[in-house]
Amino acid sequence: MIVGRFGLGLAAFAVAVLLAAAPARADDVIRVGTYRHYPPWTISDAAGTITGFEIDLIHELCRRMGAKCEIVTVDWEKVYDELDASKYDAYIGCMTVTPERSKRVTFSQPYALTPEYFATKNGNDLTTLLTLNRLDLDRMNSEEEATLTTLIAALKGKRVGVHVDTVYETFAKQYLTGVSDVRIYHAETEKYADMVSSKLDAILDGGAALHEFILSKDGGGSALTLFGPALIGGPFGHGVGVAMRLGNEGLRQRFDDAIAATKTDGTLSRLALTWFGYNAASE
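Under my numbering, the residue at position 56 of the sequence shown is numbered 56, and the numbers go up by one with no gaps.
If you're looking for bench data, these hints aren't it; they were derived computationally from the structure.
Errors might be hidden in some of the hints.
Here are the simulated DSSO-like pairs of lysine-lysine, each with C-alpha atoms no more than 30 angstroms apart in a straight line [stated by the list, open to error]:
#1 K158 / K173
#2 K217 / K199
#3 K103 / K173
#4 K103 / K263
#5 K156 / K199
#6 K87 / K68
#7 K103 / K199
#8 K199 / K68
Label pairs and their in silico Cβ distance ranges [said to hold, decoys possible]:
#9 T128 / S216: 22 to 28 angstroms
#10 S197 / L132: 28 to 34 angstroms
#11 G123 / E70: 45 to 51 angstroms
We put the CB at the ideal spot given by N, CA and C, even for glycine.
Could you put the whole structure together from the sequences, leaning on the hints where they help?
This is the structure we're talking about:
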């Protein structure tokens, strides 16, 4: 009897292995929305071909889930409404996990963690600002609080550009209201162009995106430099995750399992090193 049960156990294990390695079923299609162009997360060329860290990640996660994924590019401002309307099943586009956003969508576990930065033109007086290198807005001691105060004071009266409906706009509303001339943008390209042409004094954005722009040969990024501390926590949360319709626990579990597997075998770290140049994978 014991041998029989052992045999059945082996058979069940074999079936599970085969299912895990099986190709996607024709009816197992997951539509994934992503942002068109936010290097190095997503990169769209003149022909409309999209590459980048999150594109590679989408393909890897879908392979591990045994699903066929259809990638669609979407407008950032429409993500919540389009998820609610089932125009796609998940959104993978540098969306930071925050308590406020978790009221609107269901998040997977984080797959990346990159700090946020301010940037300005080379030669601007902001480049001489002396602060700590890093601030976690959720865990600040007196020295860190002093650095935040110094940063906000330096931005007094400055024209600061942020993208609409983002954690950057949330930070600006929380810390810069009545301090800076905050300008809201609907397009990253317009915000960067205004910074390069000195229509802005500073912009707040993701560190990885800013680094990519500064190193790029196009758009005048070489005229910019980062200043102030690397920012995490607070409105910036503690990681980037997959967003799904609120309450979609089944799909969340599938993504969680796939993300966990990429962390365990080092695939996520390798993808991050390829696209960011450092290990931006979330633990």
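Taking the earlier hints as the rules, which of them does this structure contradict?
7, 8
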